[in-house]
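This note's numbering puts the sequence shown at residues 1 to 134.
Heads up, none of these hints are tricks.
The list that follows gives simulated cross-link-like pairs (lysine-lysine, DSS-like), each with its CA atoms no further than 27 Å apart:
{"hint": "1", "residue 1": "Lys-102", "residue 2": "Lys-27"}
{"hint": "2", "residue 1": "Lys-133", "residue 2": "Lys-20"}
{"hint": "3", "residue 1": "Lys-30", "residue 2": "Lys-102"}
{"hint": "4", "residue 1": "Lys-30", "residue 2": "Lys-12"}
{"hint": "5", "residue 1": "Lys-12", "residue 2": "Lys-27"}
{"hint": "6", "residue 1": "Lys-20", "residue 2": "Lys-30"}
{"hint": "7", "residue 1": "Lys-12", "residue 2": "Lys-102"}
Distance windows between CB atoms, simulated:
{"hint": "8", "residue 1": "Met-105", "residue 2": "Ser-32", "range": "15 to 25 Å"}
{"hint": "9", "residue 1": "Pro-117", "residue 2": "Pro-68", "range": "35 to 45 Å"}
{"hint": "10", "residue 1": "Ala-110", "residue 2": "Pro-14", "range": "10 to 20 Å"}
Keep in mind the hints are simulated off the structure, nothing from the lab. Glycine residues also receive a C-beta, built at the ideal position from the N, C-alpha and C atoms.
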Amino acid sequence: MRYWLKLIGSAKRPIAEWQKDYVGFRKANKPSIRAGDRLFLYAPGGSRRIFALAEALGDPELDSSYNPNEEGSCRWRLRVDYEINLPVDSGILIDEIVSHRKLTMSIRQASHIRLHPEEIESAHRALDERRAKQ
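All chains, full assembly: derive it from the sequences and hints.
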């Protein structure tokens with residue numbers, strides 16, 4: 001099982017919450033995420049918060065409703081089940097995550113990145129604490 005940080009929304013199109021039972025990927029190459037992997041969902045832009053932890057229920061599948069002319073349309077879809085799902089503004093700031101790298105710079109280059117053990121532990125602990133305060 002691997003852990004990932006996955007962008008949801010964008011600076012241009014920020015989100016306030018994400019209740020869908022899937023996440024999307026726009027790039028042509030099939031994402032490396034596989035069934036059983038975990039995804040911390042991250043809302044970039046003004047909020048810059050990690051707000052959810054989800055499990056991949058299968059491998060990514062081509063999205064039959066993909067439209068290359070539609071902004072935000074995704075080639076790939078990955079079904080997920082949420083362990084934690086908070087409103088974005090209740091999530092944790094990405095800068096609160098203990099890391100030897102600048103996560104905001106790393107994730108800016110891709111829609112998802114694999115997390116290192118210390119990042120996983122830090123994100124999980126902080127998100128659990130935030131959920132307990134809800």
